[in-house]
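Protein sequence lines, in the order shown, are assigned to chains C and X.
Numbering of the first sequence is given in our numbering, commencing with residue 1 and proceeding in unit increments.
Numbering of the second sequence is given in our numbering, commencing with residue 1 and proceeding in unit increments.
Incorrect hints may have been included.
The list treats identical chains as interchangeable, and a pair is accepted whether it falls inside one copy or across any two copies.
Under the rule of at most 27 Å between Cα atoms (straight-line distance), these lysine-lysine pairs were calculated in the DSSO-like manner [to be verified]: (1) K46 to K14; (2) K46 to K11; (3) K54 to K165; (4) K165 to K11; (5) K105 to K46; (6) K11 to K54.
Keep in mind the hints are simulated off the structure, nothing from the lab.
As the structure is a computational prediction, the values presented were derived from the model and not from experiment.
What follows is the residue order along each chain.
2 protein chains.
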Amino acid sequence: MFPNVLEVARKLIKERVQVGETVIDATMGNGNDTLFLAQLVQERGKVIAYDIQKLAMEKTRERLEREGVAGWVDMRLASHEEIEAVDEPVGAIMFNLGYLPGGDKAITTQAASTIRAIESGLRVLRPGGIMTVMIYWGHEAGRVEKDAVESYCQTLSQMDYLVLKYQYINQQNHAPFLLAIERRGI
Amino acid sequence: MFPNVLEVARKLIKERVQVGETVIDATMGNGNDTLFLAQLVQERGKVIAYDIQKLAMEKTRERLEREGVAGWVDMRLASHEEIEAVDEPVGAIMFNLGYLPGGDKAITTQAASTIRAIESGLRVLRPGGIMTVMIYWGHEAGRVEKDAVESYCQTLSQMDYLVLKYQYINQQNHAPFLLAIERRGI
Numbered sequence: 001m002f003p004n005v006l007e008v009a010r011k012l013i014k015e016r017v018q019v020g021e022t023v024i025d026a027t028m029g030n031g032n033d034t035l036f037l038a039q040l041v042q043e044r045g046k047v048i049a050y051d052i053q054k055l056a057m058e059k060t061r062e063r064l065e066r067e068g069v070a071g072w073v074d075m076r077l078a079s080h081e082e083i084e085a086v087d088e089p090v091g092a093i094m095f096n097l098g099y100l101p102g103g104d105k106a107i108t109t110q111a112a113s114t115i116r117a118i119e120s121g122l123r124v125l126r127p128g129g130i131m132t133v134m135i136y137w138g139h140e141a142g143r144v145e146k147d148a149v150e151s152y153c154q155t156l157s158q159m160d161y162l163v164l165k166y167q168y169i170n171q172q173n174h175a176p177f178l179l180a181i182e183r184r185g186i
Numbered sequence: 001m002f003p004n005v006l007e008v009a010r011k012l013i014k015e016r017v018q019v020g021e022t023v024i025d026a027t028m029g030n031g032n033d034t035l036f037l038a039q040l041v042q043e044r045g046k047v048i049a050y051d052i053q054k055l056a057m058e059k060t061r062e063r064l065e066r067e068g069v070a071g072w073v074d075m076r077l078a079s080h081e082e083i084e085a086v087d088e089p090v091g092a093i094m095f096n097l098g099y100l101p102g103g104d105k106a107i108t109t110q111a112a113s114t115i116r117a118i119e120s121g122l123r124v125l126r127p128g129g130i131m132t133v134m135i136y137w138g139h140e141a142g143r144v145e146k147d148a149v150e151s152y153c154q155t156l157s158q159m160d161y162l163v164l165k166y167q168y169i170n171q172q173n174h175a176p177f178l179l180a181i182e183r184r185g186i
């Protein structure tokens with residue numbers, strides 16, 4: 001069977017990221033991707049992870065500690081717009097748009113700040129590196145954000161990036177889909 | 001680097017088709033996919049291949065003979081709507097919409113007959129089998145056909161099929177993209 005969109009995102013990242021690299025989880029949420037990234041880069045690497053919600057950070061910390069990988073994850077209670085301050089090349093950046101599962105559904109990522117974060121992320125992405133953006137758009141702000149992010153990505157120079165949209169189109173309304181941005185170069 | 005859409009289609013087919021199976025090339029064109037399919041199912045298998053243009057059939061025959069695989073390709077100078085008459089389960093069906101490269105650009109696949117052919121193809125596709133539809137939509141009829149095929153695919157029951165749209169969205173206008181339809185089941 002075709003893999004689900006999350007599996008596709010992880011496979012694309014696994015094929016490109018090396019042990020020992022620095023990577024970014026732009027939206028910790030429940031820590032699923034943070035854990036995945038920490039296990040991927042291992043102790044010699046580093047994960048920088050963002051979330052504006054204390055609940056997300058606590059859930060993630062607990063999870064990482066249980067799995068024994070918290071030592072190389074730099075958790076930041078801050079907006080992913082702070083990616084701007086990262087000053088080293090990174091191999092991968094993961095975004096999960098929308099709200100925290102099990103949290104306050106009124107607190108969602110927003111189009112304008114998401115696009116600033118994506119822009120900042122692309123600036124620190126190394127050649128050959130990849131950014132994955134999982135788009136959940138069943139909520140009202142999600143539809144606006146989806147259109148804005150997709151439009152932004154369409155404008156990215158094809159000399160520098162290749163933007164893949166991977167979507168199952170016969171699903172119930174608003175099934176999440178994946179945008180994956182690869183930075184060209186070695 | 002991300003693979004091009006044709007490579008993606010072939011990879012999806014390779015992962016699902018067995019040596020010895022029957023498969024269909026709905027649009028021979030220059031015979032690229034016919035050759036790929038013939039090499040995949042090998043002598044024990046069979047490729048049924050359609051095109052309404054004699055030029056396409058001649059180019060394809062020449063190619064298959066040169067590669068020594070013509071023996072198990074059943075070439076039919078007929079519309080892919082004739083897929084309807086196939087009476088055995090097939091593992092894969094490939095469509096390349098648009099016109100014959102190097103041929104008469106006024107002769108293109110058309111929305112209504114393409115959709116009838118897709119419908120017929122889905123009826124003979126075995127569970128676990130796959131249909132790939134490469135959509136070229138740079139020409140006028142292509143835009144109409146693209147919209148019609150996409151709309152049709154969106155209506156396919158998610159109990160029976162999974163429809164993947166795989167598209168690079170920051171390319172020059174009208175870059176071809178892929179629809180891949182997997183029939184559920186073992």
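Against the structure, the hints come out as follows:
no.	hint	verdict
1	K46 to K14	within (15 Å within a copy, 37 Å between copies)
2	K46 to K11	within (19 Å within a copy, 33 Å between copies)
3	K54 to K165	neither (31 Å within a copy, 37 Å between copies)
4	K165 to K11	both (15 Å within a copy, 18 Å between copies)
5	K105 to K46	neither (30 Å within a copy, 54 Å between copies)
6	K11 to K54	neither (29 Å within a copy, 43 Å between copies)
This entry does not satisfy hints 3, 5, 6, going by the numbered hints stated previously.
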